Amino acid sequence: MMPACAGIKQTVSLPPIAYLAGGKIRLKLEGESPRTIESQYGNTIRERSVKAQQRHSWKTEGSSFLSGSVLWGKAASDPSAVRITTTSLCRGTAAGQFLYALETDHSCGLLAVDNLGSEEHRVWSNNTQRLRHISTHQGHVACSVEHKFGTASIGLILADGSGLSEVTEGDSLDTAPRWVPGEKRQIVFQSAGVGRDRDGNYGGLGPFAIQKLDLDSGEMNTLVEDAACDLLVPQMTADGTLYYIQRPYATGRELSFLHFVKDFFLFPFRLLFAIFQYLNFFSMIYTGKKLTRAGSAKAREMDMKQMMIWGNMVRATNQPHTEAPDLVPKSWKLMRKREREDPQELAGSVLSYDLCPDGSIVYTNGSAIFHLTGDGKTTRLLTDDLIEQVAVLETPLQRNT
0 MMPACAGIKQ
10 TVSLPPIAYL
20 AGGKIRLKLE
30 GESPRTIESQ
40 YGNTIRERSV
50 KAQQRHSWKT
60 EGSSFLSGSV
70 LWGKAASDPS
80 AVRITTTSLC
90 RGTAAGQFLY
100 ALETDHSCGL
110 LAVDNLGSEE
120 HRVWSNNTQR
130 LRHISTHQGH
140 VACSVEHKFG
150 TASIGLILAD
160 GSGLSEVTEG
170 DSLDTAPRWV
180 PGEKRQIVFQ
190 SAGVGRDRDG
200 NYGGLGPFAI
210 QKLDLDSGEM
220 NTLVEDAACD
230 LLVPQMTADG
240 TLYYIQRPYA
250 TGRELSFLHF
260 VKDFFLFPFR
270 LLFAIFQYLN
280 FFSMIYTGKK
290 LTRAGSAKAR
300 EMDMKQMMIW
310 GNMVRATNQP
320 HTEAPDLVPK
330 SWKLMRKRER
340 EDPQELAGSV
350 LSYDLCPDGS
360 IVYTNGSAIF
370 HLTGDGKTTR
380 LLTDDLIEQV
390 AVLETPLQRN
400 T
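Be aware that the sequence shown starts at 0, since it is given in numbering that gives the first Met the number 0, and climbs by one per residue.
Treat the hints as calculated values from the structure; they're not laboratory data. No experiment lies behind these values; they were computed from the predicted model shown. Positions of the beta carbon are idealized from the N, C-alpha and C atoms, including for glycine. It cannot be assumed that every hint is accurate.
In silico lysine-lysine, DSSO-like type, Cα no more than 30 Å apart, as pairs [as the list claims (entries may be wrong)]:
| # | residue 1 | residue 2 |
| --- | --- | --- |
| 1 | K376 | K23 |
| 2 | K329 | K376 |
| 3 | K329 | K23 |
| 4 | K211 | K183 |
| 5 | K376 | K332 |
| 6 | K376 | K336 |
| 7 | K23 | K50 |
| 8 | K183 | K23 |
| 9 | K336 | K211 |
| 10 | K23 | K332 |
| 11 | K332 | K211 |
| 12 | K183 | K336 |
| 13 | K211 | K329 |
| 14 | K147 | K211 |
Computed Cβ-Cβ distance ranges for the label pairs, DEER-style [said to hold, decoys possible]:
| # | residue 1 | residue 2 | range |
| --- | --- | --- | --- |
| 15 | E118 | K23 | 39 to 47 Å |
| 16 | A227 | S106 | 34 to 42 Å |
| 17 | G162 | E37 | 25 to 33 Å |
| 18 | N125 | S216 | 23 to 31 Å |
| 19 | G199 | E46 | 37 to 45 Å |
| 20 | R195 | T372 | 16 to 24 Å |
| 21 | P356 | R197 | 45 to 53 Å |
| 22 | T250 | G199 | 24 to 32 Å |
| 23 | Q137 | E218 | 18 to 26 Å |
| 24 | G138 | R34 | 25 to 33 Å |
Generate the whole structure from the sequences, applying the supplied hints.
Structure below.
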């Protein structure tokens, strides 16, 4: 007699995927279209800004030359357009939970979203520090903390809510920390030295290398480095396998004769454009109208085609017949390095990635999200605009098929 479950194949469904696209938090569940998750904390900040503007609206009212916004030295602004930026997200410690960092001109907050977007609570907030590249493990949160003069360090927010402490220091850019699975408190992160001249002025970055830090012992080791490449966003599994993105290293100071000639001939036009923008500014102050509407559609198009990723301006490639063009070149490779083995390339044109519980990988080229299985099969899951980061969420659910 055969067991009742014989002949039924058990498979694990694809976990929920949270990702940043066009500055918005999006959530993709298997079998459903992606949906936007609104930031309750961000909406609260915007509502406060509107109320504050209404309370002080008399300062910006009036139409005479020496009244309203001109008298008080500032132009009237739309409070609903206050800058609110989601800078990073990661999976949480519970099923269906993710964390994200949000930043305004005056504050920074770390929020936890539960039950796939239905609940939200604030984990941490500060008016001076700026967080990037968050990662959580056993209730602790690792992040990168930006400083002035081009440096950053690894920060740690403990589960007991004791506040933010910095665990690395020096004249370097330490970013993208990720917890190593296990009982020990260990993280891997990318680090690049800051170059300066004899007067201490910023001179650029060296190539990013991958470091591993034991938070309990304070021991730090270099895992992988390459003078010709940046090694970015590392993740390590429990068995010691290391994943990272490799891209060619560029100082940003490479000289190009063609660029020099182009800049020389465009200088008069750029100067005229700057003068026009100066006059346009005063037109907005006194009349509330721009001098011209030309170019607005083009400007919006350019905004949607470029973004800063790891210090590089990323632009959509000119591929008019491609539904999901690569926003980064093929030389941005997803690599895997097992212990005592050479690195292996898994995919090209990889801007961000995350590991699934079953060992498969979810990654993006900036325009689409793909699923890469252990046998090397790649499936496109969705397309979207300006995908900056992906995060695979925890889920206990399994289904029988």
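To see whether the hints hold, each was checked on the structure:
1. Proposed proximity of K376 and K23 is supported: the alpha carbons are some 29 Å apart, at most 30 Å.
2. Of the pairs offered as hints, the one joining K329 and K376 holds, with about 18 Å between alpha carbons and a cut-off of 30 Å not exceeded.
3. Between K329 and K23, the direct Cα distance comes to roughly 26 Å. Compliance with the 30 Å bound is thereby established for this hinted pair.
4. Distance restraint check for K211 and K183: the Cα-Cα separation of roughly 12 Å lies within the 30 Å cut-off, and the hinted pair is therefore satisfied.
5. For the hint linking K376 to K332, the alpha-carbon distance of about 16 Å falls within 30 Å, and the restraint holds.
6. Only pairs whose Cα atoms come within 30 Å are accepted, and K376 paired with K336 is accepted, the gap being roughly 19 Å.
7. Between K23 and K50 the CA atoms are separated by roughly 24 Å; this keeps the pair inside 30 Å, and the hint holds.
8. About 34 Å separates the Cα atoms of K183 and K23, which puts this hinted pair outside 30 Å; it is violated.
9. At most 30 Å may separate the alpha-carbon atoms for a hinted pair to count; K336 and K211 meet this at roughly 14 Å.
10. Pair hint K23 plus K332 holds up; C-alpha atoms about 25 Å apart against a cutoff of 30 Å.
11. Between K332 and K211, the direct Cα distance comes to roughly 21 Å. Compliance with the 30 Å bound is thereby established for this hinted pair.
12. Proximity of K183 to K336 is assessed by CA-CA distance (about 21 Å); at most 30 Å being required, the pair is judged to hold.
13. The hinted pair formed by K211 and K329 meets the criterion: a straight-line CA distance of about 27 Å does not exceed 30 Å.
14. A C-alpha spacing of about 24 Å is found between K147 and K211, which places the hinted pair at or below 30 Å, so the restraint holds.
15. Separation of E118 from K23 is about 19 Å and departs from the stated range, judged on CB atoms against 39 to 47 Å.
16. For A227 and S106, the Cβ-Cβ distance of about 40 Å falls inside the hinted range of 34 to 42 Å, so the restraint holds.
17. Look at G162 against E37: about 28 Å separates their beta carbons, and that is inside 25 to 33 Å.
18. As the Cβ distance of N125 to S216 is approximately 28 Å, the hint placing it in 23 to 31 Å holds.
19. Taken as a hint, the range 37 to 45 Å holds for the pair G199 and E46, whose Cβ atoms sit roughly 43 Å apart.
20. Distance hint check for R195 and T372: the Cβ-Cβ separation is about 46 Å, which falls outside the suggested range of 16 to 24 Å.
21. At roughly 51 Å, the beta carbons of P356 and R197 sit within the given window of 45 to 53 Å.
22. For T250 paired with G199, a C-beta distance near 19 Å fails the hint of 24 to 32 Å.
23. Between Q137 and E218 the C-beta distance comes to about 20 Å, which sits within the given range of 18 to 26 Å.
24. About 28 Å separates the C-beta atoms of G138 and R34, a value consistent with the hinted range of 25 to 33 Å.
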